[in-house]
Amino acid sequence: MAAPESPELRKARLGDAVQEHGPFVWRALRRLGLSRDDASDATQEVFLVLARRLDDVTATDTRPFLFSVARRVASTHRRDTRRRGEVCLDVEPVEPNAREPGPHRIAEHHDRLHMLQRALAALPEEQREVFVLVECEEQTAPETARILGIPLGTVASRLRRARAAFELTVRILHSAGRNVHGLATKEHR
Amino acid sequence: MSSKLDDRPWQPEDPRAQDLLDAARQEEVPDDLHDQLRRVLGLEDMGAGAALEPLPPYARPRRLARAGVVAGALGMAVACTFLVLFFSRDEAGPPLTVRPTEEGELAPAPQEKAATGAAVSCPDRVRADGSEPLIDDFEDRNGRLSLVEGRFGVWELYTADPSKDKVLRPARASDGHALHVALPALKGWGAVVVAILGPPCYDASRYAGIAFRARGTGTLRLAIQQYDVVPKHDGGGCENDCYDTHGTLMRVTKGQTDYEVRWEQLEQRRGHAPLDPSALRAVTFEFGPADTPADLWIDDLRFLPRAP
Numbered sequence: 001m002a003a004p005e006s007p008e009l010r011k012a013r014l015g016d017a018v019q020e021h022g023p024f025v026w027r028a029l030r031r032l033g034l035s036r037d038d039a040s041d042a043t044q045e046v047f048l049v050l051a052r053r054l055d056d057v058t059a060t061d062t063r064p065f066l067f068s069v070a071r072r073v074a075s076t077h078r079r080d081t082r083r084r085g086e087v088c089l090d091v092e093p094v095e096p097n098a099r100e101p102g103p104h105r106i107a108e109h110h111d112r113l114h115m116l117q118r119a120l121a122a123l124p125e126e127q128r129e130v131f132v133l134v135e136c137e138e139q140t141a142p143e144t145a146r147i148l149g150i151p152l153g154t155v156a157s158r159l160r161r162a163r164a165a166f167e168l169t170v171r172i173l174h175s176a177g178r179n180v181h182g183l184a185t186k187e188h189r
Numbered sequence: 190m191s192s193k194l195d196d197r198p199w200q201p202e203d204p205r206a207q208d209l210l211d212a213a214r215q216e217e218v219p220d221d222l223h224d225q226l227r228r229v230l231g232l233e234d235m236g237a238g239a240a241l242e243p244l245p246p247y248a249r250p251r252r253l254a255r256a257g258v259v260a261g262a263l264g265m266a267v268a269c270t271f272l273v274l275f276f277s278r279d280e281a282g283p284p285l286t287v288r289p290t291e292e293g294e295l296a297p298a299p300q301e302k303a304a305t306g307a308a309v310s311c312p313d314r315v316r317a318d319g320s321e322p323l324i325d326d327f328e329d330r331n332g333r334l335s336l337v338e339g340r341f342g343v344w345e346l347y348t349a350d351p352s353k354d355k356v357l358r359p360a361r362a363s364d365g366h367a368l369h370v371a372l373p374a375l376k377g378w379g380a381v382v383v384a385i386l387g388p389p390c391y392d393a394s395r396y397a398g399i400a401f402r403a404r405g406t407g408t409l410r411l412a413i414q415q416y417d418v419v420p421k422h423d424g425g426g427c428e429n430d431c432y433d434t435h436g437t438l439m440r441v442t443k444g445q446t447d448y449e450v451r452w453e454q455l456e457q458r459r460g461h462a463p464l465d466p467s468a469l470r471a472v473t474f475e476f477g478p479a480d481t482p483a484d485l486w487i488d489d490l491r492f493l494p495r496a497p
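Keeping their order, the protein sequence lines are chains F and R. Numbering of the first sequence is given in our numbering, commencing with residue 1 and proceeding in unit increments. Numbering of the second sequence is given in our numbering, commencing with residue 190 and proceeding in unit increments.
Note that these hints are calculated values from the structure, not bench results. Mixed in with the good hints, there may be bad ones.
Simulated pairs of lysine-lysine, PhoX-like, Cα-Cα distance not exceeding 25 angstroms [claimed, not checked]: (1) F:Lys11 - R:Lys421; (2) R:Lys421 - R:Lys355; (3) R:Lys376 - R:Lys355; (4) R:Lys355 - F:Lys11; (5) R:Lys353 - R:Lys376.
Which stretches of chain F does chain R cover? Using the computed rule of at least three CB atoms under 8 angstroms from a CB of chain R, they are [stated by the list, open to error]: (6) 24-35; (7) 40-50; (8) 113-119; (9) 154-168.
Not close to chain F: a few residues of chain R, all C-beta gaps over 10 angstroms, as computed [as the list claims (entries may be wrong)]: (10) Gly444; (11) Gly460; (12) Thr481.
All C-beta atoms, glycine included, are put in the ideal place defined by N, C-alpha and C.
Make a model of the complete structure from these sequences and hints.
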């Protein structure tokens, strides 16, 4: 086993990881079904695990490691949310892009994110992970295969199914004439 | 059906699907995300000119086992001594050095601080001013300590089986929420529930001890990790024979009971140095294998105020 790194080096590695992968982890947790607040808490949990396992994780393996931890953390959060009888939908105000101010745009942005979360939640978990990495995080297929530790062909097949399912879900949600914002409100009553 | 991946960006047939993907890509992360992470990880300076130890991982006995492998036979001998002492003390079933708290009662006056240890050298201290004794009542259900007086730890469970390591989340209890520790029969060194108070050292000398409410079945060791018993590679100041924490055994009963422990009642297993409450690192609940299975509820963890 390699000797532990100096505290300074570990600090530098952790700082680099936060800078490089922090937003990726937060967005991945969002797309895996967590609210904005829960995603922030869960991101901290994920990096605390990294801090403990830093000796076991190489720089090139950091992102796959973080995503694998994020998957587990997200799963735990969702399970806890279900146990508490809560509905995991964002209802807190979401700040849109600052370049698009105005209440109408905020409401639009909010609704789109609600719809997105619902459509992603409808995907089987293994498809959703591939879809999130490729389509939301814009990772390449080989990167996605490495992050998930699955063959490239498996990425391809899951992605194809996920794309079809995602589009179908979006169509169904729209054709049902449901206002996602209204749906969320109803479920929270 | 081919599994070959088309390299071209996907263009959904339905523009509404594209619209949602755009929303996903445009969602901005919270402005303070990096700051939060740096704080939780102990990557930011905690005081003027502080040379902060960088890594606040949750110190745990597994680290001791790892160090034992590296140190070879000497480390093994230390580990064996640790286990023998731990179990022999468990089996002895000493009377609890705790008692129910009487309402309105305060801990001893400050002069009793002389009973606690000499100052431990720390690179920096986060100081509690004595105004917020509640460490965690678990009602926020987020598994983190209340963010007051510089405290910020997360409740985590470690066992000899790393696959069972997890962040503990408060569960619904009869009177709100509490930390539920349900352990099967464990082998190895048992389990530990731990929360960092604040790295590198947390100065709780404004308080006289620690208290909590518990019920259930099982025996635990309430223990404080002091800075100088945490290995250097975990951000502490210990080089040899580490994790000799200051603690006391408690047998928890089915009836809900308030327990309180003063600093001077906490003892090391091997050493004899009294606790220095200005150099705390983490609060832990330790469970030896003989103490498992256990099913406990822990609530209202707080520091004991000193008498004015």
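Practice prompt. Would you pick out the hints that fail for this structure and give their numbers low to high?
Written response: No hint contradicted; all consistent.
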